[in-house]
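Starting from the known structure of chain A, fit chain W onto it as the hints suggest.
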Amino acid sequence: MKFILIALSLTGLSINAGATDFYKEINIRGNWYFKIGDNQEWSKTNFDDSNWKKNYVPSPWEDEGYQGYDGYAWYRQKIEIPSSFKDRRLILELGYIDDVDEVFLNGVKIGQSGSFPPYYSTAYNARRLYEVPLNIVRYDGLNSIAVRVYDSQLGGGIVSGDIRIGASDISISPDINLTGTWNFNTGRNINDSKIQEIIVPGRWENQGFYNYDGYAVYSRTFTIPANSIKNRMVFLAGRIDDFDQLYINGKFIGQTGDYEGREFSNKYTEFRNYFIPEGVLKPGTNTVEIKVYDSTGDGGILEGTIGLISQDNFIKYWRMKRNR
Amino acid sequence: MKSLVSNKLSLLLITLFIIPVSLKATDWSCVVNMSGSWYFSVGDDPSWANPKTDVSGWDKIFVPGEWEEYYKDYNGYAWYRKNFDMHSYPENGKLILLLGKIDDVDEVFINGIKVGQTGSFFPDYHTAYNIDRKYNLPENLLKPTGNVIAVRVFDEGNQGGILSGNDIGIFYDNDYSLLSLDLSGNWKFSTYREPDVTEKRFDDKQWKTVLVPASWESQGYANHDGYGWYRKEFTLPGNIKNEDLYLSLGRIDDLDKVYLNGKLIGRTEDLESYNRFNRSNAWRMYRIYRIPSKLLETRNVITVEVYDYQQQGGIFEGPIGIVTRKNANILQERNEDEYWPFDVRSIFQSIFNW
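Chains as they are written, first to last, in this note's numbering: chain A, 1 to 324; chain W, 325 to 678.
No wet-lab data here; the hints were simulated from the structure.
No incorrect hints appear here.
Heads up, simulated DMTMM-like pairs for lysine to aspartate or glutamate below, C-alpha to C-alpha not over 25 Å straight-line:
id, chain 1, residue 1, chain 2, residue 2
1, A, K24, W, D397
2, A, K54, A, E41
3, A, K54, A, E80
4, A, K321, W, D369
5, W, K581, W, E629
6, A, K316, W, E393
7, A, K251, W, D369
8, A, K282, W, D448
9, W, K581, W, E567
10, W, K396, A, D87
In isolation and in its complexed conformation, chain A is listed as follows:
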């Protein structure tokens, strides 16, 4: 199985190769707190893990004294993220995890790969690269990372690869950050009976939809505080594989590529900026739907910061990012 793993890993990138040439990084290989079993309390920032055993990461837990163990286990770690990492996108890389994992930063779920029982599917060959929502980061302070792992058989845990937090491109700070949990269902339209939660960004193949190609809908609500719709807003929808349409409050805002899938183009390399016409957003609860068509391979909202930003801040960000 491991031999295959190496061969397949090249195709398993969910964040493009460029993003892993980090501007700078914090290496978090080493001893992590570790406990077999499963308890949602263990995701929490202030959970007292001082009596947990320590395991080296990355390494199969079979090599760390848990020979023959299959099932759930958790890893916990605390790291300081210096303020010199501000203004950059942060990517949490956890190498390869056998088989399924769910990751929490400061108690907030930021990603998942594979699918836990009862709808089990492995993601053992996917390199774990998780976009960190910057609004939950504590700069110059300790940040807790908790990783819930499920292993079905043989080697289990955070088994290999680079374990680090990398500073990537200059970050964009949305006024309303929608990186994180969304509703998701396959098909062209919202289907309440099929909706399940998914982490955005992250390819859907790693989140319970292994090998799925075709149509899917991401949806969620967000709140705009009264009096905060000052000027034009831009919806940042990230890099989407392959084509998509954006609707806000039921109104069509824009699309990239041919949603009907008749004409292929390489739009999966492109980050989406959707300009919202005036009058679409309203104070209070708003709904957003991103309808995606994936022709083959990775599918979904793959990468990037997701959210709404005022056009003024959007322009400031691009001026800062401009090539000199």
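Relative to the frame of chain A, chain W by itself:
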């Protein structure tokens, strides 16, 4: 639209042979060269079309060129602005704005007035990334000093911006100074076959208005191949009533039949039997038809039936208007296509005398 996938690529290869050749350099002289540094900002705001909006804090980038050179990975809206003076100003004739190829859609304002658009923005998005931008400038728009041009651009993905073009700026169209009556501008247009469409009394009020000359693809008829009908009403100026007159329709992609007040006065056909390799090259032919004087009234209607095989279609390149015999000869000499020697012209074109 940097990397074209295979079907687009093959399309591109085909276009090398069947898309109109670039505008003839000899017919244009540069009045204002706009290649070089422009103010630039990402984002979108209608107030940026207003010359009074201060953009001195904007970035500056070089035109033409993809904006990714400065703004890597940027997709969406951005605006270009430039101030310019008119150092020389021709007394008559026509001024046109050339902006080369823009990826994907653009809308152009000069001194706050919209002068044109190619492609279509959301919610009915259509790209026009492979179309050379050419806009006729209305009279009395330009001032000797202190003019402002603003170009709003939307890019769906990959390369974006005012990408390429040898000629970027305002040009003087030498041909238009020869016209006795300029008929370029708004024409009525429809893609539906209707009875009596060639008749003077036909009611075209419900038809859409398009700009002539310009391909119909650039005006909301993306991907339309086949037939299109153009209609234009004009009043004959008194000073040329007694002249021998010709109708110049420039270049039409691909074939046309031209009617004046209900009567066929000229047509350009494609003769497959002439040379099968040259089929669908009729678009290269410069159209100029003699107007039978007895058909002319004070108020007149021209109907042009156009058939387009594929790609761009319509009356796409001028000059469009009525000329005297003397000037018709000059226009014909200037616009004659090297591709079709004069002696084959009659095989393609029929001119009807009534």
